[in-house]
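Please arrange chain V on chain Z, whose structure you already have, making use of the hints.
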Amino acid sequence: MYKHILLAADGSENAVRAAKEAIKMASCLEDSTVEIVYVVDFDKSKSEVLHSSSSEVINLERRKKITKVEQLFKESNVSYKVIFLHGSPGPEIVKYANEQKVDLVVIGSRGLNGLQEMVLGSVSHKVMKRVNCPALIVK
Amino acid sequence: MQTLKQQWFGNIRGDILSGLVVALALIPEAIAFSIIAGVDPMIGLYASFTMAVTIAFAGGRPGMISAATGAMALVLVPLVRDYGLGYLFAATLLTGVIQIIFGVLKIAKLLKFLPNAVMIGFVNSLAILIFMAQVPHFIGISPMTYVFVGITLVLVYTLPRFIKVIPAPLIAIVTLTIVAIFSGVNLRTIGDLGTISQTLPTFNIPDVPFNLETFKIIFPFSLSLAIVGLVESLLTSRIVDDMTGTESNKNQEARGQGLANIVTGFFGGMAGCAMIGQSVINVKSGGRGRLSTLIAGVFLMFLILVLGDLVVKIPMPVLVGIMIMVCIGTFDWTSFKYLVKAPRTDAIVMLTTVVIVVWTHDLSKGVIAGVILSALFFVVKISSVKITQESNRYFVNGQLFFASTDPFVDYFKYNEIKDKTILIDFSNSRIWDESGVGALLKVEDLLKERGIQVEVVELDAASSKIISKLENVSSSH
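Protein sequences appear in the order of chains Z and V. The first sequence runs 3 to 141 under the numbering used here. The second sequence runs 58 to 534 under the numbering used here.
This is chain Z alone, in the form it adopts within the complex (with noise of 0.2 Å):
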C-alpha cells in the first residue's frame, strides 16, 4: 500500500479536497506519514519580501495558507509533517516526490489561477507526467 504519501498544497479549495482523499488513502495503513508539501514560487518571492516586514512575517502568512489543510491532518489521526520547498511549482514537486522516493503523489486538479493554467499549462498535468511514482489527481 501507500505508506509515504505527498500532498501537494497550494492554499486553494482543490488541494482542500485533494487533502481528504490523502487522508482516506493514509488511513488505510497504520504506520503512513503525509507530507504536505508547499511550494514557494520563485516568481512571488520579490513581492512577498516587499510586502513584508520580516522573514518571519512571510513564514507565517504562508503557514496560513495551508491552515486548512492542516486542521483536516489534525483532526484525523494521520501523521503528517508540512515542507516548504522553493522554485517553480510542477518541477519542484516532481523533483522533491522522485528523490524521496515516495510512494504516491496526491495533487489537486487544478489551482488557484485559470488564466495562469491556460498560459502554462496546470501544474497537475506536469507532475502526472514527470514523476516516477502513481499520482491521484483529485477534481
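Worth double-checking, as some hints may not be accurate.
[As the list claims (entries may be wrong)] Partial selection, computed: residues in chain V whose CB lies under 10 Å from chain Z:
(1) Gly302
(2) Trp390
(3) Thr391
(4) Gln510
(5) Glu512
[To be verified] BS3-like, lysine-lysine: derived pairs with alpha carbons at most 27 Å apart:
(6) Lys26(Z) x Lys46(Z)
(7) Lys46(Z) x Lys70(Z)
(8) Lys505(V) x Lys470(V)
(9) Lys97(Z) x Lys46(Z)
(10) Lys221(V) x Lys131(Z)
(11) Lys46(Z) x Lys394(V)
(12) Lys46(Z) x Lys522(V)
(13) Lys443(V) x Lys66(Z)
(14) Lys398(V) x Lys169(V)
(15) Lys398(V) x Lys67(Z)
(16) Lys26(Z) x Lys141(Z)
(17) Lys522(V) x Lys443(V)
(18) Lys22(Z) x Lys83(Z)
(19) Lys26(Z) x Lys131(Z)
(20) Lys131(Z) x Lys443(V)
(21) Lys66(Z) x Lys169(V)
(22) Lys443(V) x Lys505(V)
(23) Lys67(Z) x Lys394(V)
(24) Lys128(Z) x Lys526(V)
(25) Lys67(Z) x Lys341(V)
(26) Lys97(Z) x Lys221(V)
(27) Lys394(V) x Lys70(Z)
(28) Lys221(V) x Lys46(Z)
(29) Lys522(V) x Lys505(V)
(30) Lys83(Z) x Lys66(Z)
Treat the hints as calculated values from the structure; they're not laboratory data. Every residue gets a Cβ at the ideal spot worked out from N, C-alpha and C, and that includes glycine.
Using the frame of chain Z, we list chain V on its own:
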C-alpha cells in the same frame, strides 16, 4: 550558515551555468546604466566586472549578483555632468569607505526598520526613473526605432515560453543586431553613444585634487550612493534569502559592498550595488554559491574582450526594449492593490517616496523622506489614547507617555462624571515614563477636587514599578 568551502564549491555545476547566463544578461544592463550616468559603456562594464569579482569573495550573501546598477547611475548623473569622470571615481571610492563604516557600525540592523511602504516606493520609483531615462532614446527618433523597440519587447516576453536555456534578451540582441546590419536600416547604435575598448581595467588613482574642496563636492553624492547601494543590496539579499531558504550576513554584505566600491573606484568603474533582477535570474538559473557571482563577472569581462567590436553594433532600440522589460520586472505591480488595501498612512508614505524620488532623481532622498514620514505617522498613531466608559469603570486604551498625556487628562477634565467613585482600568494600557505617571496623578487630584474617589486598577507590573519608583522619589523630598 554554510562553511566557506560549501559557499564556494557546494554547487559547482549550477553555479558555472548560472554565472554564464547572468554574464550575458548583465552586459546590456551595464551598458544602459552607463548611458544613464552619462559615461562610456566601459565604465559600467568595468564596474560590473570588479563589483562582481570582489563581492564573490567579500560579500555576505552567496549567490547574489552585484554590478553597475540603475539606482546608483541615477545618483551619479549630476556629478558626471558638472565635474567629470575623475570625480565619479573619487566619489565611488568614498562611497566604499562610507559603506565599510556603516558595516562596522552594524548599520544593517537599522535597515531592518525600513518600512515596507518605503521599500515598495523605492523599487517603483527606480522602475519609473529607468523608464524615463529610456524615453529620449526612442521617442521621436524614427519610425524604425519604434518598430525595433516593439519587436524586442515581443521577443523578450514570448521567447521564454519556448526556449528556456538561453536568456531571451540575448536571443533578441543577436538576431535583431544581425537583422539591423544586413537590412541596412538606419538605427542609432551603442557605438554612437560611446566606445568599447577591448582591454582589461587598470589600477588608477582618481585624477582629482586631494583637498577639502573635492571632499565637499563628492561627499553628498557618496553619502547618497552609500545609502542607495545598501538599501538595494539588503533588499536583494532578503529576496535571495527567501528564494533559497537560507540566511545571510547583512553586516558582512555592507562591508563587502564597501570594499567592492573601493576596488571599483581604483579600477575606473562607477559605483554599484546588488541587483534584484540579476540575482533573481541567477537563483532561477541554479546559482547558489559564491562561484556563480565570480563566474558572472569574469565571463562578462571575457565576452567584452573577445566580442567588444560587435557589442558596439547593437542598435539602441533593442537595448531600450530590454531596459523597458527590466523596468516592468522591477516595478511592484501589486502596488495598486496595496494602495487600496493598505492602511492610509502606509499608502501615503509609499506615494511620497515615489514622488520625491521622481522629483529629485535621487533614491536616497525618497528613502529618507519616507522613513521620516512613517516615523511621524507612527508617533501620531502610538500617541493616541482613547477612553471608554462602562458604568463607573473607565478603560484607558493606548500607551501613556509624554506625547499622549493630553487626551488622557482632557477626557477627565472636560467630561462630566456623575459617579462618586470611579475605577480607571489600565488593562489596555501601559504607563511608560514620568509624564504618564504625572498625568495620572494630575487626574486623581483633579477628580478629588470635584469630590470623586479614584481607584486605579489592572496596572501591569512594568507600570506599577515606574509609579512606585517615582512616588518614592516625590515622597522623599
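Hint-by-hint comparison with the structure:
{"no.": "1", "hint": "Gly302", "verdict": "holds (5 Å)"}
{"no.": "2", "hint": "Trp390", "verdict": "holds (8 Å)"}
{"no.": "3", "hint": "Thr391", "verdict": "holds (5 Å)"}
{"no.": "4", "hint": "Gln510", "verdict": "violated (45 Å)"}
{"no.": "5", "hint": "Glu512", "verdict": "violated (40 Å)"}
{"no.": "6", "hint": "Lys26(Z) x Lys46(Z)", "verdict": "violated (32 Å)"}
{"no.": "7", "hint": "Lys46(Z) x Lys70(Z)", "verdict": "holds (22 Å)"}
{"no.": "8", "hint": "Lys505(V) x Lys470(V)", "verdict": "holds (12 Å)"}
{"no.": "9", "hint": "Lys97(Z) x Lys46(Z)", "verdict": "holds (20 Å)"}
{"no.": "10", "hint": "Lys221(V) x Lys131(Z)", "verdict": "holds (19 Å)"}
{"no.": "11", "hint": "Lys46(Z) x Lys394(V)", "verdict": "holds (15 Å)"}
{"no.": "12", "hint": "Lys46(Z) x Lys522(V)", "verdict": "violated (47 Å)"}
{"no.": "13", "hint": "Lys443(V) x Lys66(Z)", "verdict": "violated (32 Å)"}
{"no.": "14", "hint": "Lys398(V) x Lys169(V)", "verdict": "holds (23 Å)"}
{"no.": "15", "hint": "Lys398(V) x Lys67(Z)", "verdict": "holds (19 Å)"}
{"no.": "16", "hint": "Lys26(Z) x Lys141(Z)", "verdict": "holds (15 Å)"}
{"no.": "17", "hint": "Lys522(V) x Lys443(V)", "verdict": "holds (23 Å)"}
{"no.": "18", "hint": "Lys22(Z) x Lys83(Z)", "verdict": "holds (15 Å)"}
{"no.": "19", "hint": "Lys26(Z) x Lys131(Z)", "verdict": "holds (24 Å)"}
{"no.": "20", "hint": "Lys131(Z) x Lys443(V)", "verdict": "violated (61 Å)"}
{"no.": "21", "hint": "Lys66(Z) x Lys169(V)", "verdict": "holds (24 Å)"}
{"no.": "22", "hint": "Lys443(V) x Lys505(V)", "verdict": "holds (22 Å)"}
{"no.": "23", "hint": "Lys67(Z) x Lys394(V)", "verdict": "holds (19 Å)"}
{"no.": "24", "hint": "Lys128(Z) x Lys526(V)", "verdict": "violated (68 Å)"}
{"no.": "25", "hint": "Lys67(Z) x Lys341(V)", "verdict": "holds (24 Å)"}
{"no.": "26", "hint": "Lys97(Z) x Lys221(V)", "verdict": "holds (18 Å)"}
{"no.": "27", "hint": "Lys394(V) x Lys70(Z)", "verdict": "holds (25 Å)"}
{"no.": "28", "hint": "Lys221(V) x Lys46(Z)", "verdict": "holds (19 Å)"}
{"no.": "29", "hint": "Lys522(V) x Lys505(V)", "verdict": "holds (24 Å)"}
{"no.": "30", "hint": "Lys83(Z) x Lys66(Z)", "verdict": "holds (15 Å)"}
The earlier numbered hints that this structure contradicts are 4, 5, 6, 12, 13, 20, 24.
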